[in-house]
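Please model the complete structure; the sequences and the hints are all you need to start from.
Numbering (numbering that gives the first Met the number 0), first residue to last: 0 to 242.
If you are wondering where the hints come from, they were derived from the structure by calculation, not from laboratory data.
For each residue, glycine too, the CB sits at the ideal point set by N, CA and C.
Mixed in with the good hints, there may be bad ones.
Straight line, CA to CA, 25 angstroms or less: simulated BS3-like cross-link-like pairs of lysine-lysine [unchecked claim]:
#  : residue 1 : residue 2
1  : Lys56     : Lys153
2  : Lys165    : Lys213
3  : Lys165    : Lys180
4  : Lys141    : Lys165
5  : Lys118    : Lys213
6  : Lys153    : Lys118
7  : Lys118    : Lys141
8  : Lys217    : Lys165
9  : Lys217    : Lys118
10 : Lys56     : Lys78
11 : Lys77     : Lys153
12 : Lys217    : Lys153
13 : Lys141    : Lys217
14 : Lys56     : Lys77
15 : Lys153    : Lys78
16 : Lys153    : Lys141
17 : Lys213    : Lys141
18 : Lys213    : Lys153
So the derived label-pair ranges between C-beta atoms look like this [claimed, not checked]:
#  : residue 1 : residue 2 : range
19 : Phe179    : Gly231    : 11 to 21 angstroms
20 : Thr82     : Asp11     : 44 to 54 angstroms
21 : Glu194    : His125    : 30 to 40 angstroms
22 : Glu194    : Pro169    : 24 to 34 angstroms
23 : Ala193    : Gly58     : 43 to 53 angstroms
24 : Ala193    : Pro122    : 34 to 44 angstroms
25 : Leu188    : Thr82     : 42 to 52 angstroms
26 : Asp100    : Ala44     : 18 to 28 angstroms
27 : Trp176    : Lys118    : 30 to 40 angstroms
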Amino acid sequence: MSTTHFGFQSVDEQDKARRVRGVFDSVASRYDIMNDLMSMGLHRAWKAYTVMVANLKEGDQVLDIAGGTGDLSMAFAKKVGRTGRVVHTDINEAMLSTGRDRLLNAGVVLPTLVCDAEKLPFPDQHFDLVSVAFGLRNMTHKDVALREMNRVLKPGGKLLVLEFSKVAAPLSKPYDWYSFKVLPQLGQLVAGDAESYRYLAESIRMHPSQEELKALMKQCGFGHVDYHNLTGGVVALHVGIKC
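Given below as structure tokens:
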């Protein structure tokens, strides 16, 4: 029986997906307001920077993995225009439903699909851009998912991985205090769920560092990989090019 981590716990691989699903089922309805509160609004700047780096043009084909409540999908849709397409996906049905409703309320109609990043139901060399924002750390087999992302990209296509990462050393102590003391209390007050936000803090610490993720992306077939630290490394945007 193979095991993996769920936050700081060691769990059976087959059980991790169920536990992660439970976390996001719990927080889906309050996800956007919690993002604003826990990042003090910075998540909007991080996503805006991601859209800028994407550098999309009219007609591009985009896959948004772990698209959740649809922030990036909505921004990408504006860039690709009527002749392009953005596919909004998430493995969690509650998150995807919340995002679909939000997109429809904004007048944005996109293909929306419950989708496991480790088994993407798309043909080879299909997309110009694949993005995954704050979702890779929750995947059981990151290498399998990254190879799938590489497979569905066209040659010269771009993968963007926006994820919490390893903060600069001077920030580590205050960041730990905020993560393990403030976040769970905030989660309890706003979402009625301290444990899901405790898992968030733990999952960030178990995620590969900037250099480790860069190396993993290269191992999974990306010919050129670079990363941009944002807010002192609280978040990093990794950019992989399929050569």
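(message) So, against the hints stated earlier in the document, which numbers end up violated here?
(response) Result: no hint breaks.
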